[in-house]
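Number of protein chains: 2
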Amino acid sequence: MVIYMDNAATSWPKPKSVYRAVLNCMKRYGANPGRSGHKMAIEAGKILLHTRKMLCQLFSIDNPFQMIFTLNATESLNLAIKGCTKPGDHIITTSMEHNSVVRPLKELEKYDIKTTYVKADSQGRIDPHDIKKAIRTNTRLIVTTHASNVTGTLVPIDEIGKIAREYGILYLVDAAQTAGIIPIDLSKLPVDMMAMAGHKGLLGPQGTGVLYIAPHVKLKPLKEGGTGSQSENLYQPEFAPDRYEAGTQNTPGIAGLGAGISYILQQGQKKLLSHIIRLEKFFLEAVSHIPGIKIYGPTNMDERIGAISINIKDFDSAYIANLLDERYNIATRGAIHCAPLAHQTIGTLKQGTVRFSPGIFNTMDEVKECIRALEQLSHLK
Amino acid sequence: MVIYMDNAATSWPKPKSVYRAVLNCMKRYGANPGRSGHKMAIEAGKILLHTRKMLCQLFSIDNPFQMIFTLNATESLNLAIKGCTKPGDHIITTSMEHNSVVRPLKELEKYDIKTTYVKADSQGRIDPHDIKKAIRTNTRLIVTTHASNVTGTLVPIDEIGKIAREYGILYLVDAAQTAGIIPIDLSKLPVDMMAMAGHKGLLGPQGTGVLYIAPHVKLKPLKEGGTGSQSENLYQPEFAPDRYEAGTQNTPGIAGLGAGISYILQQGQKKLLSHIIRLEKFFLEAVSHIPGIKIYGPTNMDERIGAISINIKDFDSAYIANLLDERYNIATRGAIHCAPLAHQTIGTLKQGTVRFSPGIFNTMDEVKECIRALEQLSHLK
Numbered sequence: 000m001v002i003y004m005d006n007a008a009t010s011w012p013k014p015k016s017v018y019r020a021v022l023n024c025m026k027r028y029g030a031n032p033g034r035s036g037h038k039m040a041i042e043a044g045k046i047l048l049h050t051r052k053m054l055c056q057l058f059s060i061d062n063p064f065q066m067i068f069t070l071n072a073t074e075s076l077n078l079a080i081k082g083c084t085k086p087g088d089h090i091i092t093t094s095m096e097h098n099s100v101v102r103p104l105k106e107l108e109k110y111d112i113k114t115t116y117v118k119a120d121s122q123g124r125i126d127p128h129d130i131k132k133a134i135r136t137n138t139r140l141i142v143t144t145h146a147s148n149v150t151g152t153l154v155p156i157d158e159i160g161k162i163a164r165e166y167g168i169l170y171l172v173d174a175a176q177t178a179g180i181i182p183i184d185l186s187k188l189p190v191d192m193m194a195m196a197g198h199k200g201l202l203g204p205q206g207t208g209v210l211y212i213a214p215h216v217k218l219k220p221l222k223e224g225g226t227g228s229q230s231e232n233l234y235q236p237e238f239a240p241d242r243y244e245a246g247t248q249n250t251p252g253i254a255g256l257g258a259g260i261s262y263i264l265q266q267g268q269k270k271l272l273s274h275i276i277r278l279e280k281f282f283l284e285a286v287s288h289i290p291g292i293k294i295y296g297p298t299n300m301d302e303r304i305g306a307i308s309i310n311i312k313d314f315d316s317a318y319i320a321n322l323l324d325e326r327y328n329i330a331t332r333g334a335i336h337c338a339p340l341a342h343q344t345i346g347t348l349k350q351g352t353v354r355f356s357p358g359i360f361n362t363m364d365e366v367k368e369c370i371r372a373l374e375q376l377s378h379l380k
Numbered sequence: 000m001v002i003y004m005d006n007a008a009t010s011w012p013k014p015k016s017v018y019r020a021v022l023n024c025m026k027r028y029g030a031n032p033g034r035s036g037h038k039m040a041i042e043a044g045k046i047l048l049h050t051r052k053m054l055c056q057l058f059s060i061d062n063p064f065q066m067i068f069t070l071n072a073t074e075s076l077n078l079a080i081k082g083c084t085k086p087g088d089h090i091i092t093t094s095m096e097h098n099s100v101v102r103p104l105k106e107l108e109k110y111d112i113k114t115t116y117v118k119a120d121s122q123g124r125i126d127p128h129d130i131k132k133a134i135r136t137n138t139r140l141i142v143t144t145h146a147s148n149v150t151g152t153l154v155p156i157d158e159i160g161k162i163a164r165e166y167g168i169l170y171l172v173d174a175a176q177t178a179g180i181i182p183i184d185l186s187k188l189p190v191d192m193m194a195m196a197g198h199k200g201l202l203g204p205q206g207t208g209v210l211y212i213a214p215h216v217k218l219k220p221l222k223e224g225g226t227g228s229q230s231e232n233l234y235q236p237e238f239a240p241d242r243y244e245a246g247t248q249n250t251p252g253i254a255g256l257g258a259g260i261s262y263i264l265q266q267g268q269k270k271l272l273s274h275i276i277r278l279e280k281f282f283l284e285a286v287s288h289i290p291g292i293k294i295y296g297p298t299n300m301d302e303r304i305g306a307i308s309i310n311i312k313d314f315d316s317a318y319i320a321n322l323l324d325e326r327y328n329i330a331t332r333g334a335i336h337c338a339p340l341a342h343q344t345i346g347t348l349k350q351g352t353v354r355f356s357p358g359i360f361n362t363m364d365e366v367k368e369c370i371r372a373l374e375q376l377s378h379l380k
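Keeping their order, the protein sequence lines are chains E and W. Mapping of the first sequence onto numbering that gives the first Met the number 0: residues 0 to 380, in sequence order. Mapping of the second sequence onto numbering that gives the first Met the number 0: residues 0 to 380, in sequence order.
Bound conformation, chain E alone (with noise of 0.2 Å):
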């Protein structure tokens, strides 16, 4: 059996009701949400709402329109970053951002938008008077991750957020790598836009992203098409989320979606949090006591979640993940992260990391058997 330890990447496996949605929703009602009005029609359209009425309980949201639904945290990203600026404006961004970020803030710099990078420290750690330091007259975005892909390392997106308040400032949050692990109170934090992915910490299947999107934002769509209301309408309605959601959505997956949110909810965040905490903080504690092995990121479990990124030696990153496929059947990505600047601040560009993320359904054995694992590789010569 396989040890997965990539659910940084996806979460795998799934709770077996998220299967079943998403089959029962393909065989049983695998009609047009909002389209036609026939029954199989309306049933497809009230998932869609259950879902983002799920995405509200979890998010301490009242109104289900402010979740929108995209292809994956990439897009969500797109949508905002894209629908909130134009030329002239200046964007603030971090060190640590996820190519889903960075590539699109590359592409606007063509387009006489300028941005700053703020730089971490050498754990990924953001220092939100930077931040401050950053901001310029025309400054229109502040986009952050909340948890580093590559390092775990959290950025105090709080504090961040009050600074973009106090600016008048939009802040959007990349919550890729938290969304469903760490509980995040929408109705408190100072936050404008948020980027989920729903096949991570979600639970969902792949094909599912979500752009939370507060009431006084309204953003210039990515995409525009049919979208079941006003169809007489020869312009992309108004109104959210109509406005967001062109064409036919992913019913099936983000069924699935649905199911894996409940299943958060019924457990609770807070139990699945804590487990995930002990496994990373028994592997953490464990791995740094394995001569060879370097690990990056804070030590301090209150200032990282999720992924784990180490070295042993000088091996090639790429080449250490295969041998723990290869050799122990352990699921884990090498190289560089799609985040090159992240890389970069921690001195990984050239060899990348081995990246061991934990999921929910990970055991205590299972990381045990990374950790024996790890202890056999370091002594490669």
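Only true hints are included.
When the alpha-carbon atoms are kept at most 30 Å apart in a straight line, the in silico DSSO-like pairs for lysine-lysine are as follows:
| hint | chain 1 | residue 1 | chain 2 | residue 2 |
| --- | --- | --- | --- | --- |
| 1 | W | 217 | E | 219 |
| 2 | E | 38 | E | 15 |
| 3 | W | 219 | E | 219 |
Worth flagging that the hints you see were computed from the coordinates, not collected in a lab.
Use these hints to put chain W onto chain E, whose structure you have.
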């Protein structure tokens, strides 16, 4: 049991192999394709390639990387239209287009892109000469549907494509209603891009779309982000398909799409098409003899496929569709089918139409039940 006549929106049911492929992917190898290098991730990557190859086989294309995955046909169209045009350009389209073409064009019109809507006749027929006459020196793109989602009227894409080639203009076909249903040989057709829905004629699950991009065409992406390739690169890769597929793809959906296309290839596209034509011919013939019912679009099956729009006297189409659902358990779509210009063309912008769209799993008995129901409803006062 429901008689599902809404296949123009989403085909249902799917072949059993589609459900199995989706489930198998989620349960057995639900990891990130093309990211991590472990066994599950490699298998996920393989299934994407497999589905691309199935698409190539169906459409007679050699290079699987010309088949780009999207969320739906709407995204494919947005990517194609926005990806090849810039301010100052002129675009030609028709009065039979879905909002997934019209709404992106209306958006572009705000940015100094001019558009011409070539008018169809009252049966939805487009004359290629009218397209030719609309060409200007700055015409960059011609975009037409392959078959109307309202009247089923076929557009002569071969002739229009030849005109486009003659003038060095890009030609984009919206094959949402035909891909998988009508044999299309992209190795011979003068078509530069073709947008498809995965969840209609191709028999895949919702959440899947495809854009075919000819080798000589390079588009500006709609979204930038992680691609698993060139992770150290701060810019979107230049090569297809990665250039256009940012973020984690809908792997289970794409696995299902591959199974759907395999089913079509196994059964034979001609056999499946002749089944649909037989059903539609019978339906059109029978309904044309019911007094008080108006059928839209051409009467000859050589000129149409898929969607059949009708109305009963002056009754609101949504009301009739609702009666069909409530009294007869027949799932159709009433009202305006996200194509206001097409409704304007055939004179149903107010009444809408009741749309019947049979699929490969509909039977002649079901068609006869639909005819009986319409016969009864035609006596409504």
